[in-house]
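S.K.: Sequence:
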Amino acid sequence: MKNMKWISILLLLVSYQLCAEDKFKMVVAQDGSGDFETIQEAINASKAFPPQRVVIFIKNGVYKEKVKVHSWNNKLSLIGESVENTIITYDDYFDKIDLGRNSTFYSQTLMVQGDDFIGENFTVKNTAGRVGQAVTVAVEADRCVFKNCKFMGDQDTLYAAGQNDRQYYLNCYIEGTTDFIFGAATAVFDSCTINSKSNSFITAASTPKGKPYGYVFRNCKITADEGVDEVYLGRPWRDYAKTVFINCELGAHILPVGWDNWSSPEKEKTTFYAEYGNTGKGAAASKRVGWSHQLSAKEAKKYTLENIFAPVVSQDIPLKDWVK
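In this note's numbering, the protein residues as written are 4 to 327.
Worth flagging that the hints you see were computed from the coordinates, not collected in a lab.
Any given hint could turn out to be false.
Within a straight-line C-alpha distance of at most 27 Å, the following computed DSS-like cross-link-like pairs (lysine-lysine) qualify [what the hints assert, rightly or not]:
#	residue 1	residue 2
1	K304	K150
2	K304	K212
3	K50	K71
4	K28	K50
5	K270	K290
6	K272	K305
7	K67	K28
8	K50	K67
9	K26	K323
10	K28	K69
11	K71	K26
12	K50	K323
13	K305	K323
With beta-carbon atoms standing in for the labels, derived distance ranges [to be verified]:
#	residue 1	residue 2	range
14	N174	A313	20 to 26 Å
15	K327	D98	37 to 43 Å
16	E302	Q55	38 to 44 Å
By construction, the Cβ of each residue, glycine as well, lies at the ideal position given by its N, Cα and C atoms.
Using the sequences and the hints given, assemble the complete structure.
M.R.: Laid out in structure tokens, this is it:
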């Protein structure tokens with residue numbers, strides 16, 4: 004019995020030692036030179052609800068895998084070696100998933116559900132092609148930041164979701180065909196390139212009623228593939244959609260009317276679509292639909308990160324600690 008007692012104590016001490024050796028920095032490399040050969044293996048090995056940030060460095064390579072950052076994987080960073088050569092790719096889409104009317108929300112290549120996520124220097128693709136809804140990146144978490152990333156797909160490329168979630172995209176490239184930035188999050192796109200691959204709609208916000216901000220594009224370039232010449236800035240997926248473009252360069256492919264009501268005139272009374280200081284051949288402010296808005300200089304000044312990302316709960320993490 005004494006031996007069993009000492010064995011139990013020894014096992015307990017070993018367990019404590021293993022916990023103490025939790026890795027907070029890991030490397031993923033397909034050639035075996037890192038800690039793991041796939042991104043998901045590294046995420047799965049990460050400590051749940053860690054006391055400090057977990058950083059996973061991803062070496063160049065094409066990683067064909069569906070990657071999921073679970074809700075317990077908060078404070079997680081995925082850092083690619085280079086945006087051009089660190090590529091996460093998959094090819095799921097609505098009909099391939101075949102799980103009923105909500106199949107869109109299973110089709111993503113990268114899913115982020117852990118708060119305080121940071122993504123830098125990598126490309127995510129959904130290579131399904133023009134086969135309907137096929138999400139590239141789905142973000143369903145708060146205080147998430149993407150820097151210098153590329154999201155490449157067709158319909159429904161970026162699902163920026165979560166009724167109380169705040170997301171920041173800096174120097175990113177996002178391309179797609181229809182509604183390729185959609186969802187309920189409060190999201191800021193700073194100095195991003197937003198590229199349309201077909202004549203359709205860029206945004207389909209579903210901002211919850213009562214939220215002061217939805218999607219905000221600041222200092223972005225709104226571009227299009229050759230031959231694309233009839234694109235709307237957005238249409239409302241839900242009644243209270245909010246989308247604003249400030250100091251953006253709008254290409255000639257943007258239609259003079261700018262916005263669409265998704266065949267629902269009633270939504271014109273509840274949506275908030277606005278612009279300020281835009282330039283380019285697509286910035287025809289005088290020809291916009293009558294139910295959209297042109298902000299005054301005073302109104303535009305309210306669109307600061309401090310205002311847009313105001314705390315949603317008491318004792319929230321300060322803005323300076325997550326938008327860096």
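S.K.: Any hints this thing doesn't respect? Which numbers, in order?
M.R.: none
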